[in-house]
Amino acid sequence: MLGTTVILAFRAINRHKLRSFLTTLGIIIGVAAVVTMVTLGNGATAAVREQISSLGANVLQLRPGQGFGRGGGGPRPPDFKPADLAAIENQLTGVRAVAPMVQSSGTAIYEGSNWSTTVYGTTAAYFEVQSWKADTGRLFMPEEEEAGKPVCIIGNTVRTNLFQGNDPVGKRIRIKGVSCQVIGALATRGQGGFGDQDDVVVMPIKFVQRRFTGDRDISQIMVAVDDAYDTSTVQTSLEELMRERRKVKPGAEDNFNVFDTKQISDTLTGTTTILTQIVAAVAAISLLVGGIGIMNIMLVSVTERTREIGIRLAIGAVAREVLMQFLVEAIVLSCLGGLIGLFLALIASLAIAPLMQVPFIFDVKVNLIAFLFSAAIGVVFGYFPARRAAALNPIDALRHE
Amino acid sequence: MADDPIISLRGVTKVYGSGPTAFQALKGIDLDIAQGDFVAVMGPSGSGKSTTMNILGCLDVPSGGEFLFKGRHVERLDRDQRALLRRRYLGFVFQGFNLLSRTTALENVELPLLYRGEDKKTRYDSGMAALDKVGLKDWWDHTPAELSGGQQQRVAIARAIVTQPDVLLADEPTGNLDSERSVEIMELLTDLNRNSGITVLMVTHEPDMAAFARTIVHFKDGLVESVEYGVKA
Chain B
1 MLGTTVILAF RAINRHKLRS FLTTLGIIIG VAAVVTMVTL GNGATAAVRE
51 QISSLGANVL QLRPGQGFGR GGGGPRPPDF KPADLAAIEN QLTGVRAVAP
101 MVQSSGTAIY EGSNWSTTVY GTTAAYFEVQ SWKADTGRLF MPEEEEAGKP
151 VCIIGNTVRT NLFQGNDPVG KRIRIKGVSC QVIGALATRG QGGFGDQDDV
201 VVMPIKFVQR RFTGDRDISQ IMVAVDDAYD TSTVQTSLEE LMRERRKVKP
251 GAEDNFNVFD TKQISDTLTG TTTILTQIVA AVAAISLLVG GIGIMNIMLV
301 SVTERTREIG IRLAIGAVAR EVLMQFLVEA IVLSCLGGLI GLFLALIASL
351 AIAPLMQVPF IFDVKVNLIA FLFSAAIGVV FGYFPARRAA ALNPIDALRH
401 E
Chain X
1 MADDPIISLR GVTKVYGSGP TAFQALKGID LDIAQGDFVA VMGPSGSGKS
51 TTMNILGCLD VPSGGEFLFK GRHVERLDRD QRALLRRRYL GFVFQGFNLL
101 SRTTALENVE LPLLYRGEDK KTRYDSGMAA LDKVGLKDWW DHTPAELSGG
151 QQQRVAIARA IVTQPDVLLA DEPTGNLDSE RSVEIMELLT DLNRNSGITV
201 LMVTHEPDMA AFARTIVHFK DGLVESVEYG VKA
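Quick note, the sequences are listed as chains B and X, same order. Going by the UniProt record's numbering, the residue at position 264 of the first sequence is 264; the numbering climbs one at a time, nothing skipped. Going by the UniProt record's numbering, the residue at position 200 of the second sequence is 200; the numbering climbs one at a time, nothing skipped.
Bear in mind the hints are in silico, worked out from the structure with no lab data behind them. Here a beta-carbon is modelled for each residue, glycine too, at the ideal position from N, C-alpha and C. Hints may contain errors.
As the list claims (entries may be wrong) - The list that follows gives simulated cross-link-like pairs (lysine-lysine, DSS-like), each with its CA atoms no further than 30 Å apart:
1) Lys17/B / Lys137/X
2) Lys247/B / Lys262/B
3) Lys176/B / Lys81/B
4) Lys121/X / Lys17/B
5) Lys121/X / Lys137/X
6) Lys247/B / Lys81/B
7) Lys120/X / Lys17/B
8) Lys171/B / Lys206/B
9) Lys70/X / Lys220/X
What the hints assert, rightly or not - Which residues of chain X face chain B? A few of them, derived with a C-beta cut under 10 Å, are:
10) Asp60
11) Asp80
12) Gln81
13) Arg88
14) Phe92
15) Leu100
16) Leu111
17) Arg159
Stated by the list, open to error - Cβ pair distances, simulated, as ranges:
18) Lys70/X / Phe21/B: 46 to 56 Å
19) Thr122/X / Phe10/B: 18 to 28 Å
20) Gly71/X / Leu22/B: 47 to 57 Å
Chain X on its own, in the form it takes in the complex:
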């Protein structure tokens, strides 16, 4: 593991609203995530784990505190700068898959490359390589409606890794899948973490899924309750 953490939160707070109706979702989070780690984030609803994931995904900004990503102060970046950071370093996998409908698997996977301005051949080659990695090379011309839930999630993972990101953020990736499909997805994430060196951050409710991670962070009432290291060697 590298010495400098890839992600570092220092006293991060988040307040929604203002005045008497203000709600403090995060009350001061300190968290370091090392490069190449596989982190599961757990906690009950309203514990602040989703808010933290949004901040870590550079989709949202903290109300206070510091968020360093690769040594850069994300809290000081504007909307477009954060978008470019996501484009360059991050990949997202969602519980609801969030693929574009009526769009083939390959076109879905190529989407981030389009925004990177890659040419047609690079898009095709990288897109097919990513689909191959998730075992769906032969399904490239199928639309989401023609794919099963597990397949859709694997297309979504292919889309997240096609840009070879440093960090993959997965928000309950197995929430909509049966246990057999869930295990397949977790094995895929583990493989990407081990063999492609991608740092994986995953929110989950299920201890079975969290067991695949190397580090488990427990959230409670807007604070980090505990961190278990080396759950799985």
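Looking at chain B on its own, in the form it has when it is part of the complex:
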């Protein structure tokens, strides 16, 4: 019996091609919108996750500060001292590498070109923590670090703006009025969650402290956790150690922050996921409207085809068969709309993903759910018109003009 009903449904749809298409248009647009949004959203989430993992996995960032930001009236919490760095290196277990950092900004000049950039003072451990390699040249030698020699390693943006493709290694540039020799250039990292990561000049920390910041304070310490150890355990030990060294009274708030890059990653991907869900929910409303569209047209169709229903009933169709015919018609329409919508979503996602610079990720689950949802819409919104058709009195229906 179902086979018969499906044949009848396809015949009816075939007889009214334009109307059938218009009926499904709402579903087509709804499914296409939802699936495109979710696909692009998943791509964006993946892109964010990838960018953050480029910051280095399992890295703890230690900074002075209370809570987030330095609000409130109290004095600015002190920076770290070289002894703090030594304590982390010597007393903390599960640490792969520790890099101290100071930061300064200034203009780099080479011959006629100048470029405003950020200067990092750190050690060779920084590159290990960041898993960042030199594209050309080399990283710091221990004696250069120890003596704080005027050498620097430049990021790709600085390299492009100062050297325009010429080899920078061995050249001397001036930074904040101080001459230094370029010993290496870093590989490209691209746009991160925190701006252009390649717009940087890295120098030995002792040099930067001596010439730019004027003291031996360390503004940030990056700790790479050994893969064999649990990041959160190391984080707790690090927090305990720093409370002790910075003499934070029991019960008082930390005057430093420890950020886990994984935590930041989770927060950011969580945010994109929520945004995706919101946009998908808005698109889902259009799917609902599409369902109402189907119900609308089916109701009109029942009225318009009253005489046809009368003929079928007179010929010997039972109420259930008429109900099934209209229900199956609605389901077939919404399923067809769902399939066309999925196809359009595929095309749209493939076209838009490169423009948004996010990867295209085909998620079978998302497509399947969207399709089943469109079928369910056919059932829900097709039932009411179908029941109305089945309830018609054959005599009245035959008399209907």
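Starting from the structure of chain B, add chain X where the hints point.
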């Protein structure tokens, strides 16, 4: 003629509405129709002939009395049981043809077989045979819009007989046709009655058409006024 009538009405009444506005369309009909008969039902508008035809066609139920079809009490059947009875034993021809638009003649004729659950080959063979019987085999792939009135009515007759029903109910089958086409349709019905043994019940206004029948039943004011037997041997 068989001894047991195929259709038997006993004191059938029909009331529309209720209370003071109630209208009694049938006031107690007694009527027997023998198997293989060709009956014309005549009478002025409002005489109750359409109501009777609806009851005989199992489309409607009497308010009182008994309606036996092949010995079965139709008045006790529910909606779906009556639908199955129509599907099994009855064929309908209407004044307005009532074919499905935008649907080929063959698909129209196949429709009752679809509801019977016949397979594709049976549907095609029986459908074409029925079209052949009404002389429209070559028009099988034409839609109603491409057929003349007479042809449409013949497709409708093919649809009614494709299931080889016991009874064919025709409600003013020639009402929308000119006299020449009308005679053709009546000859077709006569042929089906004589050679296929189908009992034909036909409502008509026109005495010329009623003359093709073997029995003529006259209705007046919700009652059977008279029955003429053996009008045409």
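So, going through the hints one by one against the coordinates:
1. Lys17/B / Lys137/X: Holds: Lys17/B and Lys137/X sit about 28 Å apart, inside 30 Å.
2. Lys247/B / Lys262/B: holds, 28 Å
3. Lys176/B / Lys81/B: This hinted pair holds, its Cα atoms lying about 25 Å apart.
4. Lys121/X / Lys17/B: Between Lys121/X and Lys17/B the Cα gap is close to 27 Å, so the pair holds against 30 Å.
5. Lys121/X / Lys137/X: With Cα atoms ~16 Å apart, Lys121/X and Lys137/X stay inside 30 Å; holds.
6. Lys247/B / Lys81/B: OK: Lys247/B and Lys81/B at ~13 Å, within 30 Å.
7. Lys120/X / Lys17/B: holds, 24 Å
8. Lys171/B / Lys206/B: holds, 21 Å
9. Lys70/X / Lys220/X: holds, 27 Å
10. Asp60: holds, 6 Å
11. Asp80: With a closest approach of 4 Å, the Asp80/X hint holds.
12. Gln81: At about 9 Å, which falls below the 10 Å cut-off, the nearest Cβ of chain B leaves the hint on Gln81/X intact, so it holds.
13. Arg88: holds, 7 Å
14. Phe92: holds, 5 Å
15. Leu100: holds, 6 Å
16. Leu111: Interface hint status for Leu111/X: holds (6 Å vs cutoff 10 Å).
17. Arg159: Since chain B brings a Cβ to about 8 Å from Arg159/X, closer than 10 Å, the hint holds.
18. Lys70/X / Phe21/B: 46 to 56 Å: holds, 48 Å
19. Thr122/X / Phe10/B: 18 to 28 Å: holds, 20 Å
20. Gly71/X / Leu22/B: 47 to 57 Å: Given about 52 Å between the Cβ atoms, the range holds.
Violated hints for the displayed structure: none, as all numbered hints are satisfied.
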